[in-house]
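Asker: Add chain B to chain A, keeping to what the hints say.
Protein sequence lines, in the order shown, are assigned to chains A and B.
Quick note: the first sequence uses my numbering, first residue 1, plus one each step.
Quick note: the second sequence uses my numbering, first residue 1, plus one each step.
Note that these hints are calculated values from the structure, not bench results.
Keep in mind that this is a model prediction, so the values were computed, not measured.
Honestly, I wouldn't trust all of these hints.
[What the hints assert, rightly or not] The calculated label-pair distances, taken between Cβ atoms and stated as ranges, are: (1) B:329 <-> A:83: 53 to 63 angstroms; (2) B:252 <-> A:56: 16 to 26 angstroms; (3) A:96 <-> B:329: 52 to 62 angstroms; (4) A:56 <-> B:196: 30 to 40 angstroms.
Glycine is no exception: its CB is placed at the ideal position from the N, C-alpha and C atoms.
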Amino acid sequence: MKRLLPKLGNTLQNRLVVATTVPLLVLTVVLTSVTMLERDKAITERLQQSGRSIALYLASVSDFALYSANKPLLNSLLTATDRLDGVSGVTFLNASREVVISTLPADHDPGKTSEPSGQAAERSAPANLSTPDKYLYFEEPVLALDLYIEDYGSAAVEDDSQLVGWVIVAIDPAVSQSERRAMLINGVGLAAGVMVMAIIMSYLLGRNIIGPIKKLTNTVNRIEGGDFSVRAESAPSYEFNVLAHGINHMAESIEENQVRLQQEVEGATHQLEVTLADLQSKNDELEIARQHADEANAAKTDFLARMSHELRTPLTSVRGFIGLLQSADLGSSEQQYCKIIDQAAQLLLQLIDDILEFSRLQAGAVELEELPIDFYRCLEDPIQLLAPMAHDKNLELILDIEPDVPLALVANSRRLRQIIFNLVSNSIKFTESGWVLVRVFLLADEADHCRVGITIKDTGIGISEEQKKHIFEAFTQADISISRRFGGTGLGLSIVNGLVDMMGGSISVDSPEGKGSTFKVVLPLKKQQALFSDQHLSSGLQPRGKQALNIALYDPDQASRQALEHLLTRITNSVESYGDIGALKSGLKTTQASVILLNGASVTLANPRAYPLLLEYIRQCTDLPLVITLPLKQLQKSSSIANDPSLQPASFIGKPVSIDSLKALFIDADKVVDSGTVANLSGVNVLVAEDNDFSQLLIKTMLDRAGCRYCLVGNGREAVEMSTREQFDVLLVDGHMPELDGWEALREIRALTNPNHGTPAIFLTADVLAQGASLPAGVGINRVMHKPFEEADLINAISKLAGKELSGKAKTSAIWQRIPKEKFFSEVESLLDKADQENQRGNTAELGEIVHQLLGIVGVFKVNMLHQLSEALHLAAKAGDHSQVNIAIADLSIRLAELKREVS
Amino acid sequence: MNGFAGVLQNMESKIALTLVRCALQGLILFACVFLGDRGFAANEVHVLLSNDAPYYHQVAKVFTAQLKAQQPATEVRSIIMSDGVALPEILGQQIIAIGSEATTEALANYPQSDILSLLMPMAAWQDINKNTSIEGRFAAVVIDQPFERAVLLGLLLKPDARRFGAVFGPATQTTKTASLERVSSLGVELITASLPPTDNPISTLSPIINASEVFIAVPDRAVFNRNIAKWILHLSYREKIPVIGFSASYTKAGALASIYSSPTDIGRHGAELFVELSAHASDNAGKSWRAYYPKYYTLSINGDVARILNINLPPREDLYGMYQKLLQAM
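Isolated chain B (complex conformation):
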């Protein structure tokens, strides 16, 4: 089991390295052509961490490393938020906010700066954009994966499945339609339902799971997720329906597999995006300044669940390759 996980991890690392190598080459070329005269290398970038959590540091670390690799002249300064401590006055115009809280504080305190938010949920991005007006530009790399990625992973693991169930919460209602549209071309039946927070989730979940061959766990607000995750896993386990989760924790809790972006993935994508957005400094319309699904992802597989569900898993490297092919095919 561990051998298989190790193979998967190696495979994942190699894919990531390949992607990074290609991206770096592209970015260098891009910088030489378009940004050579703007002098970004001399800019100063402030990284604002929501708190002292390790994954925030990991994002900042990877982001800084990646940025230094691309723009060695850029000065990166990290600020860790803490309760009751006022944020310093930042002279620079580029602020990297890691986490929802950091993003909220950056928007509130530095409304004229260009802010790139990393590691925040899509729902939160939507709420901020809806309720906040700022003078600067604002972009984000969210932690949510595109719905189709989970469906494709379900298809990869259970190729004969055609009925995919999903329940959307209050926070994901706005993305439900778009999500359904993106998977419509995959030839699978998507059975969905909306679950209000006050309802007994069993009655909603049970028929959806009973009718599905693969259940996609849609990330909503954290409390909502926790409330229904147990029942989703319980019901799917009883019905032997594989669940595709959205975090490594989900996989450990009992989902067959999960697709998610790690802090490394986010930090790396963030740095690349920052370089890219900096290259479009003249994009005053701000079309480039929007929310991006993470470019890089990570797959996690629960071998025990797979064995219970009689699902034969390919080697980890093969799994990534196969999954990459499916994505490209889509």
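Just chain A, with the same shape it has in the complex:
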């Protein structure tokens, strides 16, 4: 059936036939059934009515015959009745229900089984008797009705009937069977006839309707096939005529449109061909323009390289000679002039560096060399450098590195520091009061890489929504007034954005205006396969005195307390943290701490006068050693407190607290702080190719100080010639030289015939776009050093390339281990004198060197107070704050004298 139905319904005509026939079929069947049932019912009723009527008739006419038992008369009635269809017999009973006469067979005589006469008399209503046999019986009482023949009297109210007997009529239902059969045949035949007629009419009707549709469909198909000349024929009905007319009209329209479109396409094709020819011509022009642009770009790059070189070269000379000049015996005024010149030169250099850095980023010339780094130091170093700047503005600078942040990573250390430096300095610049919080946290940690988030949050002036849109654009600051007020080129954040982008990270800023700003940097960083040993320094290291290192931390400021907790977690597992003095007092009663670390910065910044009282209070509670963190300025101002005997034992460390200062304070190990001592390069032979006389003099001076041997030439040609005559350990080649520049010279030296073809080379250039990879390839190692360079960097680079170990630490360490206490004191005093002299001279570089040496000596002997004061001196010297340097030197001298007295 399911298969048949789709077949029936696959054509419109079949569907039409089905749609008209099926309901008609159902209707016909239903109507025929209902009609036949009704007719059957009518036949039955008619049969019963007939039987009842015959019985009634006989009852009414037989009263006399039955009353008089007149059998001939009854017989005549029977004879007349027998002629009626269906009457199978009649029985007359008298009033006693005795059969008077009957034409029924004896075995069908109902009078024999009828009730007695007494009961029969009560039966007055007509009734039909259904007996088990095949007949239907209808029984009626025969009543003799009296006549009203009295004109007067009350006869009407009296009973006027008299039962004289019964008549029973037997009707054979079979008489209706033939009628039923005929009715059935007629009904079914009529229904079938109607159905056949309906199907035929449906078919014919469908054909009449479908025929024109088929023709129209064929016409549409031919039109669809592209034959627009075909036209629909007229149909017999109005609707189809309208449809045919519409199709014809549509075909005409399509044909017209086709012709028109074809013409338009041809026109458009022609126009397209012309346009293509024009485009080809334009492309040719563009190609030429692109070549011109490339050439212009190359020229620009060359110009930038030359300009950077040409700008930085004299600046390098200026700064170098200023350094040398400051080393000379000058008066204080001259020293001050030198300092101003040096600061101006530094500023100019920074400006040039920013511009060139931005240009490099714009040109895509920056390549990130990824090396194993100490992530902690990459973050800590810029913070340490910027701390004095923050403290000068009474800002709290907090570095909070969460404990789960891995430290042994692979990245470009310089660029990472640059990002942190730029962002933090930016925040400090735009923050007048409050704090700057650098928070570093782990976002995702995988086996070989991780995603680190760095937020720099401040309480500064904030950035408006409009300003945020352009915050990372070059040469953009919040507005001109800000530029005037805070200075800067507006390139810092743009450079950061470029660097972060290069590192595959992202940077965003969230800053409700007036409520500070938060810069968030997310960086994907590779992990080192060999982990740094000091990732968690507490393991394997013993605290001084071989006691367990338990630290109680008190810091009322939540952010800095959390940062210190994270830092302390890296050197010990036992840190008790207190946020208010009451809790500290309670905690000290049961504490296992061996030392109390007191972050005094927030206390003193908030209320300096309360600070001594706090210390005194704590000392009254406990005699445990106190370690107090303070900014350098506060450290020096608090020297009277520090020297208070009632507070002892107590130590002071500068802020921001570095991991080195903590290690020096708490870890009893035979280590010295990196002194920064210039390595001994004796025995190292260096070829120096530099055309600039001042640069030659600077390099010569540096190399002399390092104690190495060198050969100076003025251009590339001479360098090549010299390289053929003598074997050097390191080649130091300037990029821009007359006759033969450094690049060409190095390329010729890398020729296999040259004895120095494998000698490592340092390519000196002020061109920030230059990279080592662009240098001539060969067996020798190439390294690029941008001008201006630091003396230490140069010497370190030479020592590394020459295969010389950085022996400074080891030698220094070995020497100092053998120095007796008296020697130590005399050496420190000597260094302090030198530092004082250098400070008076304004010789920052020498001062820095001396301070580095001092830090190393003090670090070796682990004299906490001296070490912290030396840290303060180091930071002050690094910041170039001569007044602070003087204070720090004075504090160190006093503390040294006290120490000598204690030792003696």
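Answerer: Okay, now just chain B, sitting in the frame of chain A:
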């Protein structure tokens, strides 16, 4: 058919009017001669109706009208009996009881009054007279017709008939002999039989009707009449024997003709009789106080039956005239 009935009715009315006119003239003369000094005109007459049936009212109405015409001074008061209502005390001495029930009640309640009963069967009169003794006088105008009137009507309609059948019931057994005597002079053979109420009437009726040329239906008790009337008509119809009935209903039921007295006839005869009896107030023996067959009668003819029986009927007025002549001739 209707035309013929109308003619008969007109004829009947004219005969009645003539008789009434003669009777009135006689009564007036009689009253002037004999009752002038008795002052009956000032009497009060109470008419007691058996019930509220129209024919009782018709009798009372005609009686009152007729009496007023003859005795304008007589005050007529009508009382209609009803179930459960006691009859009032009647001060007057003359009571006209219409119907058997009224007669019975009047006799029972006013035994000292003179009671004239109208519209009651002869059999009932005989029963009352037999079983009741009263101080007052008692007369009646019955509804029965003299047997000979029916025979004469049969002869009028079927002049060649000589065998007249009749079946007497239990109530008419007492009048059977007298009836037979009165028709013996008519020269017809009267074939009769008695029919007990319990017998099958067919077996009794059938031979009588078969042997008769005209069958006279004798009025007996009402139930008896109804029981046999159907079979009489049935058998006579089968044998084509004309039946002379005793009521208009009989004629309608299938009798060829009937002779009977209508309420008008009875009321009129009653009033005349009352005047007459009042005139014989001194008849203490009460000879005048007896049952009277109605003086006035009405003939009814069933034209359909006559046509079936092939009997040609004369016009109605002629029929009355001819019938009157026969009566006078007898």
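Asker: Each of the hints needs a verdict: does it hold here or not?
Answerer: Structure-based check of all given hints:
1. B:329 <-> A:83: 53 to 63 angstroms: holds, 55 angstroms
2. B:252 <-> A:56: 16 to 26 angstroms: holds, 25 angstroms
3. A:96 <-> B:329: 52 to 62 angstroms: holds, 53 angstroms
4. A:56 <-> B:196: 30 to 40 angstroms: holds, 33 angstroms
Violated hints for the displayed structure: none, as all numbered hints are satisfied.
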